[in-house]
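**Student:** So the chains spell out like this:
Number of protein chains: 2
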Amino acid sequence: LTGARVSVRSFELGSSRIWIGEGAFGASEAWLAEWLEGRSVFVVTTPRVRLLHGGALGPLRQRARRWSVLEVPEGEAAKSVAVATALWERLVGEGVKRDSRLIGFGGGSVGDLGGFVAATILRGIEFSLLPTTLLAQVDASIGGKTAIDLPAAKNSVGAFHSPRFVVSDTAWLATLDPAEARAGWVEAVKKAVAFDRPLFERFQGSAALAQGFDGSLVPLLVDSAAHKIEVVRADPFEGGERRLLNLGHTLGHAIETAAGYGRLRHGECVVYGLLFALQLAEARGLPPADAAAVRDLLARLQPPALPRLDAAELMLLMARDKKALESGLPWVLPCRLGRAELEVVSHSEVEERLPRFLKAPWESASATL
Amino acid sequence: LTGARVSVRSFELGSSRIWIGEGAFGASEAWLAEWLEGRSVFVVTTPRVRLLHGGALGPLRQRARRWSVLEVPEGEAAKSVAVATALWERLVGEGVKRDSRLIGFGGGSVGDLGGFVAATILRGIEFSLLPTTLLAQVDASIGGKTAIDLPAAKNSVGAFHSPRFVVSDTAWLATLDPAEARAGWVEAVKKAVAFDRPLFERFQGSAALAQGFDGSLVPLLVDSAAHKIEVVRADPFEGGERRLLNLGHTLGHAIETAAGYGRLRHGECVVYGLLFALQLAEARGLPPADAAAVRDLLARLQPPALPRLDAAELMLLMARDKKALESGLPWVLPCRLGRAELEVVSHSEVEERLPRFLKAPWESASATL
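Chains as they are written, first to last, in my numbering: chain A, 1 to 369; chain B, 1001 to 1369.
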């Protein structure tokens, strides 16, 4: 064992095997090589990731029969019907087979898009994810959700399709923009708020968080990912507890769509979604001290200010939320730090609170009423 | 029980419930009504089917909270990325929810497209099929395959997504063009050739087949569908025996793509795919009398003459076959009437036989060598 592998952990989740930590790629390399041995391999990635980390894949490339790198745009722009169609056509044009392999090498968008293409080409081929952003490592790569966007609604077209392998090597995070890393932590903080007070307290104690990512944060990242793995394992198709992971995402997705994909990072939108959920939750009995603690931690993640957004448009976008049922839209609200629940909030209450929230998102509910 | 229901049979297949026969719609109506009660219902259909049979759905419409009819083009033209995208956008625009319902009401193309949209919108909503063509009733609606086409390859994008209900009312076949009905029987004949000699002999004894469809053929249709249900039940994801249902589809799909979607009916292309498989099979020991019996029956289904097609283009299209593996393309070939097997046929043998086959598809292999 080399020293570099000491902080790698591996997990089984359904048909997936997941490695996370410093040196995860080295730990998984023999598995990946066997999986793609002698096959056509399609690597979905971005120009930036290819430039920064592409060299790592050299040894795998030697083992494939054929190796195609398919570059897609950075960020949410990759998750369009047009880009998915271009990938489908490229795969078919290059003779994809049922037992060919696809690798998503990049952030959450590359994983969502690559997974969706793998789920649907020839009615599904195997794929693996090599996430290179903090958000993707701690959250997006875990759980088999794949998706593309429609202009009217984020992630509205997709499928559940589990990656065979997920390799989250934290060494790849060294090149990450600090703002990108901070936005990634939001998903882990959200999970702690919804499920795990001790984890939340570890975040409170991590001064390095404000600078984005450094090696001292690897254990926090691995434990956060491990926690999500447990939630997904217990509820793979989001029938129960897993729905609580949507905390902050009802308004968060609407803000992301309304601001225009790519203007704010996903995690930054979730900050504001969380802040709004705190206001709704305080009105239902969330202790003010708990709400204040969450606000303090989110403030340390330094999201950019909320752009000017139209409340009516956000209401319309929330009505299209994937979680909505015919009976109404269930919100995930914390009832105390470390515990969230699903609650139906009336349309009129949301409509009444939203305009003021958009002007003063960091206020507590008591200040707003 | 009314007389009209006497020839309806119902089946369970995984999470699907299937009714087939004269009066199937009446037999299933209470189940469908309960399934869509109080929900938003999206009916994917064609203008022709809506005009001919749309009235039947009136009582169901009363039970829905909201009822949207989404018309798509007739035939294979519906199965494009563009039409799927228009449906996704329409569903989102009309506020589709996770527990909304989709109904595919029409032939095989409507079912393939509607099922794919249901499989992928919001990562999957429930759908049901009401097949109105013989092909869809006897074959396409059974087994959870959904798909759209790329210009380069038919059914190349899709998913497995099982309908909740399949209601194949043979009363809807009364308005079917006889050529359309004959093309539908091809899939049932194919199944008999690959699996079931007694069923094949019942087809041989059915004089009405040449006229397309009449009530005397209902038992043959129901038993053919029942047989496919058994095959799918034993092998839902096409890992084993179900692959034998692809008999005639390797060259058949290539002809369909090369001729241009819609120029020949799917079943008509499968006739030629079957004829070519017979030639390959005869060269491997299929008894000439068995091959002749299959040719005689196919001739009674009166497919139009094969258009002029380029052998090199067909070779290229076959290389994109979904069944192809990295190790080669397995062909389904009958070894005797009622039994087929997977065999790897060399590229060079196919390439050598194909030009002559395209000129004289009804010849036996002995005549061609």
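One or more of the hints may lead you astray.
Quick look at which bits of chain B chain A covers, simulated, 3 or more residues with Cβ under 8 angstroms [as the list claims (entries may be wrong)]:
1) 1117 to 1128
2) 1178 to 1191
3) 1311 to 1322
4) 1344 to 1354
Residues of chain A clear of chain B, computed beta-carbon distances all greater than 12 angstroms [as the list claims (entries may be wrong)]:
5) A147
6) A179
7) E313
8) D321
9) L329
A short list of chain B residues far from chain A (calculated; beta carbon distances all over 10 angstroms) [unchecked claim]:
10) A1153
11) V1157
12) Q1204
It should be emphasised that the hints constitute simulated quantities derived from the structure, not laboratory data.
The beta carbon of each residue, even a glycine, is placed where N, CA and C say it ideally should be.
**Student:** If a hint holds in the structure, say so; if it doesn't, say that too.
**Tutor:** Each hint, compared with the structure:
no.: 1; hint: 1117 to 1128; result: holds (count 6)
no.: 2; hint: 1178 to 1191; result: violated (count 0)
no.: 3; hint: 1311 to 1322; result: holds (count 3)
no.: 4; hint: 1344 to 1354; result: violated (count 0)
no.: 5; hint: A147; result: violated (7 angstroms)
no.: 6; hint: A179; result: holds (30 angstroms)
no.: 7; hint: E313; result: holds (14 angstroms)
no.: 8; hint: D321; result: violated (9 angstroms)
no.: 9; hint: L329; result: violated (9 angstroms)
no.: 10; hint: A1153; result: violated (5 angstroms)
no.: 11; hint: V1157; result: violated (5 angstroms)
no.: 12; hint: Q1204; result: holds (34 angstroms)
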